[in-house]
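Line by line, the protein sequences are chains E and F.
Counting with my numbering, you get residues 44 to 295 for the letters of the first sequence.
Counting with my numbering, you get residues 30 to 332 for the letters of the second sequence.
Please keep in mind that the hints were generated in silico from the structure rather than gathered at the bench.
Note that CB positions come from ideal geometry on N, CA and C, so glycine has one too.
A hint or two may mislead.
Claimed, not checked - Stretch-level coverage of chain E by chain F, calculated; a stretch enters the list once three of its residues show a Cβ under 8 Å from a Cβ in chain F:
{"#": "1", "stretch": "128-139"}
{"#": "2", "stretch": "148-158"}
{"#": "3", "stretch": "202-214"}
Stated by the list, open to error - So, partial list: chain E residues that the calculated Cβ filter (under 8 Å) puts toward chain F:
{"#": "4", "residue": "L100"}
{"#": "5", "residue": "K102"}
{"#": "6", "residue": "F125"}
As the list claims (entries may be wrong) - Not close to chain F: a few residues of chain E, all C-beta gaps over 10 Å, as computed:
{"#": "7", "residue": "M69"}
{"#": "8", "residue": "E121"}
{"#": "9", "residue": "D183"}
{"#": "10", "residue": "L250"}
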Amino acid sequence: MNKEKIEIKSLNIWFGKKHVITDVNMKIKPNAVTAVMGPSGCGKTTLIKAINRLNELIKISRTTGKIFIDKENVYGKEIDIFELRRQVGMVFQKPNPFPKSIYENVAFGPKLHKVANGKELDEIVEKSLKGAALWDEVKDRINDDAFSLSGGQQQRLCIARALAVEPNIILMDEPCSALDPAATAEIETLIRELRQRYTVIVVTHNLQQAARISDFTAFMYVGKLVEYGDTKSLFEKPENELVEQYITGKFG
Amino acid sequence: MDCKTLLEKILKLAKNRQAKRRDIWRKIKGDIILVLCLTGIIITLASLAAILFDALQEGLPWLDIQFLTSFASRRPEQAGIFVAFFGSIWVVALTAFISFPLGVGAALYLEEYAPQNHLTSFIRLNISNLAGVPSIVYGILGLALFVDALSFGRSVLSGALTLSLLILPVIIIVSQEAIRSVPRADREGAYALGATRWQVTRDIVVPQAFPGMLTGAILALSRAIGEAAPMIAIAALVYIPFTPSGPLDRFTVLPIQIFNWVNQPQSEFRGLAAAGILVLLAVLLSINSLAIFIRNRYQKRGR
Chain E
44 MNKEKIEIKS LNIWFGKKHV ITDVNMKIKP NAVTAVMGPS GCGKTTLIKA INRLNELIKI
104 SRTTGKIFID KENVYGKEID IFELRRQVGM VFQKPNPFPK SIYENVAFGP KLHKVANGKE
164 LDEIVEKSLK GAALWDEVKD RINDDAFSLS GGQQQRLCIA RALAVEPNII LMDEPCSALD
224 PAATAEIETL IRELRQRYTV IVVTHNLQQA ARISDFTAFM YVGKLVEYGD TKSLFEKPEN
284 ELVEQYITGK FG
Chain F
30 MDCKTLLEKI LKLAKNRQAK RRDIWRKIKG DIILVLCLTG IIITLASLAA ILFDALQEGL
90 PWLDIQFLTS FASRRPEQAG IFVAFFGSIW VVALTAFISF PLGVGAALYL EEYAPQNHLT
150 SFIRLNISNL AGVPSIVYGI LGLALFVDAL SFGRSVLSGA LTLSLLILPV IIIVSQEAIR
210 SVPRADREGA YALGATRWQV TRDIVVPQAF PGMLTGAILA LSRAIGEAAP MIAIAALVYI
270 PFTPSGPLDR FTVLPIQIFN WVNQPQSEFR GLAAAGILVL LAVLLSINSL AIFIRNRYQK
330 RGR
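Take these sequences, add in the hints, and give me the full structure.
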């Protein structure tokens with residue numbers, strides 16, 4: 044596997060005068076889980092939100108540099124930002140199902156892009172819920188309110204919602220930080236499964252989690268990419284002193 | 030018991046007493062606030078009860094089918110509220126029709142679309158200022174603009190447009206609040222799925238903000254229905270012997286009719302005015318209960 048799915052080239056991001064991401068270069072492999080790790084406030088979330096250009100919702104943000112997905116520059120002039128976000132799904136820190144039924148949550152994306160309706164839409168909903176390992180638990184109450192689900196189920200519903208528009212990259216921003224250990228384990232198993240079909244990027248500040256679920260790990264510190272490599276070697280013998288200190292619990 | 034432990038005991042006792050005194054003072058402060066709050070509630074409720082009692086005492090004898098179905102008259106025993114009642118319904122319905130879409134549209138623009146710059150914050154500030162302008166000023170503006178300049182005359186339309194201007198700031202402010210209460214996470218989630226700004230507004234923001242907007246608009250309308258000053262400027266204090274059959278007809282409303290009766294020299298008319306107040310209060314109460322009903326019905330979901 045030598046080709047890369049995503050290539051980030053000299054990415055810089057400012058929020059107002061604050062330089063949040065400094066000159067990040069990174070190549071991300073397809074069909075793998077890449078973990079982005081680092082202490083709070085180091086720019087992990089901002090980095091992944093640059094990939095689906097969600098930072099632009101913050102009016103004071105400014106981005107320079109390039110991000111290529113399958114060789115196409117996401118920040119190019121001819122890019123359709125809404126099509127980009129369809130291809131790059133995202134799951135957030137706190138489960139954020141819409142105040143609608145379970146079915147309507149999953150059907151929301153396909154309806155936006157008018158890709159299906161009627162029976163076809165039912166099939167997409169079922170497939171996505173199965174993909175997020177939620178189908179068996181909700182198939183008998185698909186029209187119930189999404190808030191009737193538990194926290195872990197809500198997060199899997201959000202994953203199903205992202206899968207429903209058939210993305211090929213899935214960004215996850217600390218998807219387990221609001222969940223209990225049991226629900227965390229479920230989501231982690233799911234992330235391992237998703238790897239077979241999607242390129243997954245997971246932000247986490249949980250070391251064990253990064254070690255458990257990821258193939259590659261990137262370590263960030265104050266907006267800079269400090270070290271990046273396959274998870275095993277990064278954890279066993281980190282090259283950078285900061286990373287070693289973080290891993291051994293000296294700071295963080 | 031040696032000297033040291035004795036000293037420690039004494040110190041402890043002293044500290045306890047101090048703490049107790051502090052606790053008592055804290056309790057007294059709490060009680061004072063409680064009494065003040067209770068006084069506030071009692072004064073409010075008592076004045077409301079006094080008004081109601083007075084209106085009931087004077088108005089009830091006059092409140093019958095004949096009163097509800099008759100036109101205004103110089104003879105108190107024949108006078109009724111029919112024309113004013115339907116005039117009010119006409120004006121308020123038309124006002125709702127004009128002000129709600131305009132107000133919600135303005136709020137959506139300001140919250141979701143407008144850039145954050147000095148111009149928009151200037152506009153925002155002035156909307157709040159407009160909400161504080163006395164209603165008679167709107168009446169005079171309506172008289173000059175709608176009645177004369179646009180020559181809609183002293184019609185239902187002019188009245189409704191004037192009241193719309195009067196309550197628009199309130200509707201905009203309430204709708205802005207409702208829009209702001211839609212969680213950021215929901216918008217982000219929709220944007221992340223590839224939704225356009227309009228799709229986010231239509232599918233996420235409006236459905237969640239709608240109950241709040243509607244409640245605010247209904248409460249604003251209940252204020253509009255009780256307005257006398259701007260309506261007197263628009264409709265004038267004249268005898269109208271018919272109910273309006275279109276937006277360009279002349280009209281009168283409940284507050285004008287009540288004001289008119291209060292001004293009559295014969296004492297019977299005071300009873301009529303009180304009966305009119307009862308009708309107006311009934312209309313207001315039903316509108317407010319509608320608002321509460323809508324709010325309870327749609328605000329079942331919390332997180």
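Here is what the structure says about each hint:
| no. | hint | result |
| --- | --- | --- |
| 1 | 128-139 | holds (count 7) |
| 2 | 148-158 | holds (count 4) |
| 3 | 202-214 | holds (count 3) |
| 4 | L100 | holds (6 Å) |
| 5 | K102 | holds (6 Å) |
| 6 | F125 | holds (5 Å) |
| 7 | M69 | holds (21 Å) |
| 8 | E121 | holds (17 Å) |
| 9 | D183 | holds (21 Å) |
| 10 | L250 | holds (26 Å) |
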